[in-house]
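Residue numbers (numbering that gives the first Met the number 0), protein chains in the order written: chain U, 0 to 393; chain L, 0 to 405.
Please keep in mind that the hints were generated in silico from the structure rather than gathered at the bench.
One or more hints might be untrue.
[As the list claims (entries may be wrong)] Some but not every residue of chain L turned toward chain U, in silico, with C-beta under 7 Å:
(1) ASN35
(2) ALA42
(3) GLY243
(4) PHE251
(5) VAL255
(6) PRO262
(7) LYS341
(8) GLN371
(9) TYR375
(10) ILE378
(11) ALA379
(12) TRP383
(13) TYR387
[Claimed, not checked] Listed below are several chain L residues computed to face chain U (Cβ distance under 8 Å; list not exhaustive):
(14) LEU43
(15) PHE260
(16) LEU345
(17) LEU348
(18) LEU355
(19) SER390
All values derive from a computational prediction rather than experimental measurement.
Backbone N, C-alpha and C define an ideal beta-carbon position, used for all residues, glycine too.
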Amino acid sequence: MQETHASQVRPPFYRDERVLGIFSQFLVVFVVVGLGLFFYSNMITGLREKHSVAISFSFLGQAAGFDIGESLIEYSRERTYLRAFVVGLLNTFQVAFLGIIFATALGIVIGVMRLSTNFLVSRIAAIYIDIFRNIPLLVLLIFWAQAVFLKMPRVAEAIVLPGPIFLSNRGIAIPWGIPTESWGTFLIVLGAGVVLGAAVAWFLREQGKRTGRMPLITLWFLVTVAAVGLVGWIVLPQPMTLDQPFLEGFNTQGGKVLSQQFMALLSGLIIYTAAFIAEVVRAGIQSVSKGQREAATSLGLNPAQTLRLIIFPQALRVIIPPLTSQYLNLTKNSSLAIAIGYPDLFAVAGNTILNQTGREIEMFTMIMGTYLSLSLLTSLLMNIYNRRIRLVER
Amino acid sequence: MTTVAGTPSDRSVLPITERYTVLGWVRRNLFSDLFNSLLTLVALAFIVFIARLLLRWAFFTAEWGVIPANFNLIMRGQYPATEAWRLWLVIHLLGGVVGITWRLISGQFSGAARILIAIPFVLMLIPFFSMGTRLNLLIAAAAAGAGFYIAGHMPIQRRGRAAAYLLLAYLVVMLILLRGIGAEEGPMPPVQPILWGGLLLSLLLAFFGITLSFPLGVLLALGRQSKLPAIRVISVIYIEFIRGVPLISLLFMGQVMLQLFLPDGFPLVDRVLRALVAITLFSAAYTAENVRGGLQSISRGQYEAAQALGLSTYQSTMHIILPQALRAVIPVLVGQFISLFKDTTLVALVGIFDLLGIARTILANPDWLGTQQEVYAIIAVLFWIFSYSMSYASRRIEQRLGVGER
Chain U
0 MQETHASQVR
10 PPFYRDERVL
20 GIFSQFLVVF
30 VVVGLGLFFY
40 SNMITGLREK
50 HSVAISFSFL
60 GQAAGFDIGE
70 SLIEYSRERT
80 YLRAFVVGLL
90 NTFQVAFLGI
100 IFATALGIVI
110 GVMRLSTNFL
120 VSRIAAIYID
130 IFRNIPLLVL
140 LIFWAQAVFL
150 KMPRVAEAIV
160 LPGPIFLSNR
170 GIAIPWGIPT
180 ESWGTFLIVL
190 GAGVVLGAAV
200 AWFLREQGKR
210 TGRMPLITLW
220 FLVTVAAVGL
230 VGWIVLPQPM
240 TLDQPFLEGF
250 NTQGGKVLSQ
260 QFMALLSGLI
270 IYTAAFIAEV
280 VRAGIQSVSK
290 GQREAATSLG
300 LNPAQTLRLI
310 IFPQALRVII
320 PPLTSQYLNL
330 TKNSSLAIAI
340 GYPDLFAVAG
350 NTILNQTGRE
360 IEMFTMIMGT
370 YLSLSLLTSL
380 LMNIYNRRIR
390 LVER
Chain L
0 MTTVAGTPSD
10 RSVLPITERY
20 TVLGWVRRNL
30 FSDLFNSLLT
40 LVALAFIVFI
50 ARLLLRWAFF
60 TAEWGVIPAN
70 FNLIMRGQYP
80 ATEAWRLWLV
90 IHLLGGVVGI
100 TWRLISGQFS
110 GAARILIAIP
120 FVLMLIPFFS
130 MGTRLNLLIA
140 AAAAGAGFYI
150 AGHMPIQRRG
160 RAAAYLLLAY
170 LVVMLILLRG
180 IGAEEGPMPP
190 VQPILWGGLL
200 LSLLLAFFGI
210 TLSFPLGVLL
220 ALGRQSKLPA
230 IRVISVIYIE
240 FIRGVPLISL
250 LFMGQVMLQL
260 FLPDGFPLVD
270 RVLRALVAIT
280 LFSAAYTAEN
290 VRGGLQSISR
300 GQYEAAQALG
310 LSTYQSTMHI
320 ILPQALRAVI
330 PVLVGQFISL
340 FKDTTLVALV
350 GIFDLLGIAR
360 TILANPDWLG
370 TQQEVYAIIA
380 VLFWIFSYSM
390 SYASRRIEQR
400 LGVGER
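The following block holds chain U by itself, in its conformation from the complex (with noise of 0.2 Å):
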């Protein structure tokens, strides 16, 4: 009697927790394969019997027949829906890197400021974070388009800045570097300049861990690049000119003109970006425990080197995968330039070429195949460089 311990009697199979388990993983994938046969047969049936048409696709060969508004690569509407397409992505491309850029200074600057010790300044930036943090995107995007920059003057009474810029409802004209033929030159010098750079950097570090003393590498690496740079370009027959926009008759000449659609998304992007990574920020200083910074003080660095070597580099780690997801959000976030119109991936892919096309399945596949692979790219990028700067445990 006493050998039938009770973990040796089998439950009946109905109790049996790895028959329950195998079963209900077969009635889950059995559930989800036929839902998905179920929808799959359905799409083809109805796109036979309707539309006479089979997935395929090439007609990504065809002329697009439709303009773009801004382009980063020459396109013309005699271009394959293909080259439409490559547009699209890179204006998506375009406006999340510089949206990321900015929205990440201006992040810090507002994180910091949140934490900072005069209250009118820590007052200012809360209240930042509240109101942008609370009133949906696209809101404040169509806001920025239609109450501001539409209700900017004509370009004939365009605000003009120093610079010159000129604000106008049109956009934003500014002055714009032309390379010259010795460009080509002086980017080969600054290369050189990069090199060495990183020769002095790797010097400065050896150096560094012989004594004990690190310097700033990273300050010496940059007059390093900037000096050769420097010297690159007055030796050289002016690499490239500055074309200042002017005005004539109705419009500016010159320069480079950022569209009214253009400004309002990244704008729009930025500010609203901003208030999360100020949070972002400010929870991950706040992190570092204040002992840290008390050690630090004890051991005689100044408040600049704490922040520098002690702070900063704890804070990161906090940071960084926060981070990492506003910037996917970001990137995601700028498909509401169709509201806007900025012809940005979704608004030419999912609805000019999707109506001219009528192509549902193959436009979609596309495009979610595309935001799919950025989103997957940037979380693999940021997490090797979350793995670099993590903490190492005993």
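Following the hints, position chain L against chain U.
Relative to chain U, chain L alone:
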């Protein structure tokens, strides 16, 4: 003598007391050194600049006439005016339900309750409201008071459960009232969801989006943590796929492609419902990730203890693991709900007239050309009020539960 300050033992015991005078406070916080003083001056200049800009705009430039003229549109969209009494009834009932639930759950007339009951009275002060509107608000406030009083005098045993049943019943009644029932000529003719609009629709989308996506998200989170490989893989694929694409692509897919997936002859699914499905599926993936964070914070000991007590997987999940896991992630979940509420604005891009969609139709009206600043400002303020109250409430709950305090 203990009054002799100066002995080392006394100094170590007595805390440093700081006396604050107004000037002292200003000195310490604003003008402690040269840099701080400069910062204060710059900040002051900035505040004055912004405040002047805003006030001048609000009181001199802006033409607020567009708001009272379109107030009904902003609130309820195309919902027929003859049926507006149903919406008021929903609000009156809401007042009653809030009163009863408050008594059942909190039990007392505390600070937050005062704020809640003040809302209708504050709204009554809005200058352009008609007498009827004010009366209706008064009824809602009275219903809340009555509910609070009555619930206090009822012998209810299981208060939490009673409140849950009441909310469920309210939900059903609300839907019937909104949607209508019976014939076209009856007392409550049906109103198609596509006619619902404005703030009403935004709130409904958010409410149903939250209530539907939450259980789905919890299931997905459990699925992702499950020991069963097939369930885990399916959950991971779903979550990562949804989180990798923008909501707008799902909404467009819902509008353009949903009908393709359904069999021939399947009735056309309502546009609003399609949008709600897209929002729910989208939000569930994010909720799942948040809940997973909570699940991961539960120590192994809890699982093992539950098992040792002989609880089944279902029992331990429902009674031991989930309550702790969800409590740990309340702030994150509320943040997710707020972003869902804000994301409902995206339905305006697929031709549904939520608050933002209605704003666009108002601006398309030639009578109100050029009032973008006023209309969008009001829309933004409305959204802000609701999201900010949610985040404020979550902070209060957090404090009460002591989450995040170590």
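Taking the hints in turn, this is what the structure says about them:
no.	hint	result
1	ASN35	5 Å, holds
2	ALA42	4 Å, holds
3	GLY243	4 Å, holds
4	PHE251	6 Å, holds
5	VAL255	5 Å, holds
6	PRO262	5 Å, holds
7	LYS341	4 Å, holds
8	GLN371	4 Å, holds
9	TYR375	4 Å, holds
10	ILE378	6 Å, holds
11	ALA379	5 Å, holds
12	TRP383	5 Å, holds
13	TYR387	5 Å, holds
14	LEU43	7 Å, holds
15	PHE260	4 Å, holds
16	LEU345	6 Å, holds
17	LEU348	6 Å, holds
18	LEU355	6 Å, holds
19	SER390	7 Å, holds
Of the hints listed earlier, there is not a single one the structure fails to meet.
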